[in-house]
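Student: As a plain string of letters, each chain reads:
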Amino acid sequence: MQRRLARRRAWWTAAALTLTAGLAAACGTGNAGTASGGGSSSFYSGQTLTLVVPYGPGGGYDQWPRIMAPYLQKYLGVDEIKIENVPGGGGLVGTNQVYAAKPDGLTIGDTNAGGDVFDQMDQADGYQADVTKMDWIGRPDNDPHVIATRDADHRTFNGIVNSNQQIKALATGKGSSDYNSAVIIYNAFRVPFQMVAAFSGSSDEKAAFLSGEGATASLSASDIAAITGKASPVVVVSKERFSKLPNTPTVIDEAKQHNLSADKIKALSALSDVMDLGHAFFAPPGVPADRLQALRTAFQKAMQDPKLLDAAQKAGLYPGFESGQDLAQAAKDALSQKALFVDLLKTSA
Amino acid sequence: MSDAPTTDPTNARATRSKGELVFDIVIVLAIGGYLLVAQSYPPIGRQIPTVVGIVALVAAVVQLIGWFVPGMWKFSHGDPAADSRRGSSAQRATSEATRQTSVTSEEETAAPEVDGKPIDVPIAMAWAGGFLGAILLVGYVIAVPLFFLVYFGVRRSWVLAVVSAVVMGVVTSVLFEQALDIPLYGGILF
Amino acid sequence: MWQNLIDGLTSLGAPQAILLLIVGTMLGTVVGAIPGLGGAVLLTLLLPFIYNMSIVPALALLLGAHTGIYFSGSITAILFNTPGAPESAATTFDGYAMTEKGQPARALGISATATTIGGWIGVILLMVLIPFMDKLTTLFHPSEFLALAVLAIVLIGQMRARSVTKGLISGGLGLMVSFVGYDPITGVQRFTGGIISLYNGFDVTTVALGLFAFAEMFRLFAKPSRAAAGASNVKLRGGQEGARVRDGIRDVASHKWLTFRSAVLGTVLGIIPGVGGVAANFVSYGQASKISRHPELFGTGIPEGIIAPESSSISKEAGNLLPTVALGVPGGVGMAVLMSGFSILGMVPGPQMLTQHQDAVWAMAIVIGIASLLASLMGLGMAPGLARLARVPSRTLVPFVLTLGFLGVYAATGEISQTIAVFAFGVAGWAMVRFGYSVPAAMIGFLLGKVVEDNLYLVRNLQGWASLERPLTALMVVIILLSLFSPLLKKIRFRARRPADGADATAVDQAAATTDSAPPVSTLAGDRSASGSEKGSLR
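Protein chains in written order, with the numbering used here: chain W, 1 to 349; chain Y, 350 to 539; chain D, 540 to 1078.
Keep in mind the hints are simulated off the structure, nothing from the lab.
Note that the Cβ used here is the ideal one computed from N, Cα and C, for glycine as well.
Treat the hints with caution; some may be incorrect.
Unchecked claim - Rough simulated footprint, nothing fancy, chain W against chain D, three-plus residues with beta-carbon under 8 angstroms:
id	stretch
1	677-686
2	859-868
3	886-893
4	995-1005
Using the sequences and the hints, build the whole thing.
Tutor: So this is what it looks like as structure tokens:
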């Protein structure tokens, strides 16, 4: 599905939208988007940047580009940012499209970088990118992956580990990163579990979970935040504790507490690396160094803009910048841990 | 639409066409192929498609047998007479309903539906297929006006052809590509 | 709560909000007429414009457009058998048939009236339910999704096939096509032939346009002048009594109970995320034909067959708002875009939205109502003119519909493989109609096949079969069984009472059905169907 964000050439039904714009201006609330100039790179001024979202509207992969677009436009100095939704293939189609795009710095995308790492490890059908070659631009948010239980069930992580009944664990679909992380964790802790994954997206998974089905859900922290009071994270799949969930242990904390073997701890920490990649922005391999630098700088400046931070907070998103250089390193490291996962990814089903 | 030999005189012509026999065979083959492909998937993945496929296959095979077993036609292919009866009774009923609210209706005088010459449908499909081929080759922006130019040029007048080609060309490139900003397929050649 | 309702109304009363509501509705109505651009495409195109707006006006723009889309999707369904939005396919069954009978203006009148009345019933129901939306979260489990999907398939699956085998094959083919694509249960891509663009299967727009619009265009091409237009030109001007717009309005007025029932059904189904939204109009159509005393007339262009799906058309969108707002689980594609809109506007869907932005929630409900009224008024005004479009000679019409279909599919999916597929579905759809298969059965099978498979798996692995005894599920299972066996029961009764020619009996029954035009009001669906068959058997 191609849907685009046209910021400047709004000439369809010109009358109607001139009206809209006029009214908006008259109303005059938070005028972030229209600010032009302040651009850093001469190459980008007057250009159009295409930002490919590999999923449809409605989720974090769509929300971040849409919230960031006005600020990226401002700091990059481009005339226009087009947001193009290319759903399909569980994100593969859009990610492949950006990866194969002309590396002129005018086409970038965001992607489920953790999922890409798993796909690359599995050599998944249809995956045509290479996380070690992508030009990573940056990550806007710190929204760690979590395992959650329903509050009504009063289940702690220890309760799951020591359960003598089979734990029914919800995830979206087999082979997705949320599925894989749950499998790796439960195998590492020898939890008796059964994966139940037949959902077309995390919102369907969330709905089933809230209705009282399944014992645990594998979701991101912001997914759970929207349903505070109904479900809570019991463990965070991240290297460090999450500032918004100071009392929730990381999976590594728990591993140490349960005296897991060094190998398993190593694997869980590698998993945390993979999942920490999050919603990352990237450009196709081979973008000229100065343009990549301009993209990275603009991205970072945008992420430091207090107005953007405010807008993201209001939208229930968790801003937490990570640089492109760090992402590139993390992606390389994560990919090299493949051997650690092989045994832990085995399921009976 | 040629008449197949039939033992049952009530099964009038137009129902037993060669086209329908071909279609029945295509369905059996398609479902069979689907079932074969399904068997390469993991057990849970092939379960439901297999069940559905087998039910459909049985129905399709029964239907095919209907061609050769005289008494089975009505069961497998239905009673086309019932269709027309249904149609006319429906018209009767609605016209009665109409009479209730108004005074009169000419519903019954409406001519029964007549399909055109049998060759017309393949012609329509050929036009659409040719159009699709043009889209694949040269993309929407060129194929759309081209299609209207050729279609109305061949079938009607050149004036209509040019006018419609211009109008639809504008719809394609201005409305879709520019105004709505939807990038359209550019074709293999470009 | 009342304070918030008043706040919501006040912010809607601002000139900017009113203007944007009108602009949005008009845009939706105009653009929604282009197949493929309904659903999510237009809404996504509007997102960039809401950046600088305050919450209520922005939502007025988006929801106004959303409502307009569903309204005009029905217009093209009625006039050209071309569902503007996939859900509008249910309107083609009788809407297009009525056009073929030479009464397009009446069909448009029914559509506009039923949509608005249904929409308002949905909005009022929504406003009643908003305070309780927190409770909704635990109401629907996979077993309900499963039962609902099966019910929809059973209701529509019996439609219009010439024989039992043809019906089975139609539904089976639809189901089989729905399994194409990535299977979350096994992580395998099925039946895609390695084509990555089929990863998500065939798009619903592709299938709906192929089976309905393209198939009909192939058929029309072979009929140089459209049957109805040729037979009675006068009527198409809308001047003929019984075929006017106002006759359509009267039709709705004389089927109050059906309108109400379908609207409530639409709202309730809309609340069920994922399943209800796509199926609502079909289920609504199915229940109307099941409960009707003359089910055999459905599909021949009778008012009931338009009223039922149209009453659900907007009311299901009102219902859709609930899971979107309360759970952050979008009820349909349009609602998913709305969620991106929420984030631009700085709102987080979820239970807290009721505390933080309750005025906006109320405003959204009211916007849907007002937009449907606006769209309908526009529609009613334009209906006589629009009806004239039905007179366009078929061979002139065909290239335009084909072009917009090819364009719309590509706009909606961005995949050239889907453009090829729409042609293939068109050929298949034509053959199915030609040889007496049931296209509606194939469509509903396609819409819900994957839902059935996934939820069957979830019921088996999460809930266990005992869940079929959950009250809500059990109720639906009973309705499924009733509708499966009711034709059989009716037949047996007929045979017992009247050994004469069955066809004659139905004709008499129809006559009876049409003589008392105002249907008696009763309370329960099952109740009604029982009394209906009783009436038939009494003769």
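Student: Count the residues of the stretch 859-868 of chain D whose Cβ falls closer than 8 angstroms to any Cβ of chain W, and tell me whether that reaches three.
Tutor: holds (count 4)
Student: Would you check chain W against the stretch 886-893 of chain D, counting CB to CB pairs closer than 8 angstroms, and say if three or more residues qualify?
Tutor: With 6 residues in contact (Cβ-Cβ under 8 angstroms with chain W), the coverage given for the stretch 886-893 of chain D holds.
Student: For the stretch 677-686 of chain D, count the residues whose Cβ lies under 8 angstroms from any Cβ of chain W; is that count three or more?
Tutor: holds (count 5)
Student: How does the coverage statement for the stretch 995-1005 of chain D fare against chain W, requiring three or more residues with Cβ below 8 angstroms from a Cβ of that chain?
Tutor: holds (count 5)
Comparing the model with each numbered hint stated earlier shows that all of them hold.
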